[in-house]
Amino acid sequence: VEVVMDDYGTGYSSLDVLSRLPFSAIKLDQGVVGRMSSDARNTHIVQSILYMARELSLKTVAEGVENECVYTFLMASGCNEVQGYWVSRPIPLKDFIEMLKANPRWPSSSFGLLYNAWVNHNSYRRKVLDAVYTLTKVAPEGWKDLPKMDLAHSPARCRLGQWYKKKGRRNDDASTSSHPTNPQDPHDRMHAAGEALERAVRGQAGPKSVRAALKTFLDFSDIVDAEVSRIVEEGLSETLGESYSDSSK
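In this note's numbering, the protein residues as written are 3 to 251.
By construction, these hints were calculated from the structure, which means they are not laboratory data.
No farther apart than 30 Å at their CA atoms in a straight line, the calculated lysine-lysine pairs in the DSSO-like style are these:
1. K146 x K210
2. K217 x K129
3. K103 x K29
4. K210 x K150
5. K129 x K210
6. K150 x K167
7. K168 x K129
8. K61 x K150
9. K129 x K146
10. K129 x K61
11. K61 x K167
12. K150 x K139
13. K217 x K167
14. K210 x K139
15. K29 x K96
16. K139 x K217
17. K29 x K61
18. K129 x K150
19. K129 x K29
20. K167 x K129
21. K29 x K168
22. K217 x K146
23. K61 x K103
24. K150 x K217
I would like the entire structure built from these sequences, with the hints used as guidance.
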């Protein structure tokens, strides 16, 4: 059973309520979604809500989607579901059943899934660096007050690691790729390096050891970033090729 917050940001659907109750999804108000095409502030607000929802592992539903352009943008930004006239206007139950029998399909975005995973990867890196900075600037007796960040070093908890596994990027098939670098290994090592870095700081290992651990963590993170950038480039190039091919018909 899902507990969904309707019209997030309006009335009682506040940030305070969201922080106190176990919601599983939030619905973006149709007003802010509808103004995205005319006001950049609304677009920034929507993207910020999508980012927050990803961090909280909440599903997102955008209301008021009335054209293909906004729909495509939301899918690429990682929104999970949409509602609005572009999908369907309100119809009687009989017509709705007939529509389902027609098995309609709306465009999906694998890029949106990868984008979500990439953002999660960058969020993990930021959490590690935020924790390291704070712990090095505050005396150990004050560490108990470090804000909770849900900092999980396990690669299995990372959406980027989950994305790799779903795509089947394994060591055993890396040799068949034109790019033999398998990102799964640097990704796993990056998480191990992040855990080692935090452990070095908490263990007060000294500046030299902490700097070495920091360099290792950032080096592996850069490798993963470069690989994901390549995957994004390939995906967009393929999408552009399909779009131009369709337009030439």
